[in-house]
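Visitor: Turn these sequences into a full structure, and let the hints guide you.
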Amino acid sequence: MKSIDIVYFEAGSGHKTAAEGLRRAVLERHPDWDCRMVDLAEILRYDWAQAGRLVCLLIDQFNACMRREKYVGFREMVGLAIWFSRMSSTYWFYLVRWGMSQYWRGRCPDMIVSVTPMFNAVLYQAARRMRPDVVCVTIPVDHEEARPGYWFEPHIKQHYLLAGNRLLEQARLAGVKPAEIHTISGMIIDPGFYGAPQRSRSQLDAEFGLDPALPLGVISFGCQGTVNVLRIARQIAAEGLAINLLCLCGKNQQLQADVRDLKTPHPCVAVGFRPEPPCDLLYAANVLIGKPGTMTLNEAIITGTPFVALESDGLKPIQEGNEVFVVETGIGLVAGSIEDVPAAVRQVLTQPQYPGNLKRAHHTGVFDAVKEIERLLGQNGDAG
1 MKSIDIVYFE AGSGHKTAAE GLRRAVLERH PDWDCRMVDL AEILRYDWAQ AGRLVCLLID
61 QFNACMRREK YVGFREMVGL AIWFSRMSST YWFYLVRWGM SQYWRGRCPD MIVSVTPMFN
121 AVLYQAARRM RPDVVCVTIP VDHEEARPGY WFEPHIKQHY LLAGNRLLEQ ARLAGVKPAE
181 IHTISGMIID PGFYGAPQRS RSQLDAEFGL DPALPLGVIS FGCQGTVNVL RIARQIAAEG
241 LAINLLCLCG KNQQLQADVR DLKTPHPCVA VGFRPEPPCD LLYAANVLIG KPGTMTLNEA
301 IITGTPFVAL ESDGLKPIQE GNEVFVVETG IGLVAGSIED VPAAVRQVLT QPQYPGNLKR
361 AHHTGVFDAV KEIERLLGQN GDAG
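Note that our numbering gives residue 334 to position 334 of the sequence shown, counting from 1, and the numbers run on in steps of one.
Simulated from the structure, these hints should not be mistaken for laboratory data. The model shown is predicted, which means the values in this text are computed figures rather than measured ones. We put the beta carbon where it would ideally sit given N, CA and C, even for glycine. It cannot be assumed that every hint is accurate.
Quick list of simulated restraints, FRET-style, between CB atoms [as the list claims (entries may be wrong)]: (1) Thr90 - Arg231: 43 to 49 Å; (2) Asp313 - Gly272: 22 to 28 Å; (3) Met37 - Pro317: 23 to 29 Å; (4) Ser337 - Trp83: 32 to 38 Å; (5) Gly209 - Thr183: 44 to 50 Å; (6) Gln235 - Pro352: 23 to 29 Å; (7) Met37 - Glu169: 28 to 34 Å.
Guide: Right under this line is the structure:
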């Protein structure tokens, strides 16, 4: 039996979603393995120097900004986090590394997999204080590195599982050793998206009170739920676009209430947070509308749902590569503003090229990642 810790943080929802999907895929192939998800914040709480408290505050601030779609100081937050990671190798951060290492006292796994950027240098150094031979693997969940040091840290020994030519190019330019670069066919998402849907469109119509004669659109801006869900639903209603809308509001209860209060000419339903991924909703949908997040666009690919992405504003440094990916692959459109969303929705509903483009972009990234994990663990012994 092998043991794996999959490290994520809750800045937004994509990193945790990726971790949950990877864990599920690992356990489907190896139900006897000890595979657990670990919130980076839990590890940072062991930092006696309390430098990690600053990171937790930054995460909380980011999520508050995300709900309001006002990213004040975001570039500075990223820069501070990268500085923290780079400083982690210095003498002055000895207490940080030592404190974090205590998280693994009594149980340090065979492998640590991180789907989190910026903090992996200190994370891996801390774990190796307890177990020098622990295998460390980083899986970027963006289609490109936003800035140097965000994902790639060649001074720390680790393996990278990379999806896409842009990440491969950036890894090589950053100085990552060829032996530490491994390719997968796409980003990791929950393996449930690859299975047949459990509910049909007609069942969803009955459950949510939808009009079966109209197409279905799903609006999703992540588990935090942002005000853009409300803004887009309002804009679509104002233009009289004949479409059902399921508005995924995540954990944002105020957003749910605001969507319920909307007066719309066609069904518009607020859907609160649900622990299971929205596989059935996307398979039934004719269009997915949301942020250009990695998880969102890859869920659209696997379910074959044309994607309308709202061009990023405050998160442009992180999400611009995803916007380029949407355009280059032709899986949907990038709307420059909320006012442009209804026209983009009309286009993807009426033009025929999107299903073929989505089919060509289909991948098995999460299953590729599990195979690479098996292989890397096999280098430390038997993979079974």
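Visitor: For every hint, state whether the structure bears it out.
Guide: To see whether the hints hold, each was checked on the structure:
no. : hint                        : result
1   : Thr90 - Arg231: 43 to 49 Å  : holds, 45 Å
2   : Asp313 - Gly272: 22 to 28 Å : holds, 26 Å
3   : Met37 - Pro317: 23 to 29 Å  : holds, 27 Å
4   : Ser337 - Trp83: 32 to 38 Å  : holds, 34 Å
5   : Gly209 - Thr183: 44 to 50 Å : holds, 45 Å
6   : Gln235 - Pro352: 23 to 29 Å : holds, 25 Å
7   : Met37 - Glu169: 28 to 34 Å  : holds, 30 Å
Hint compliance for this structure: every hint is met.
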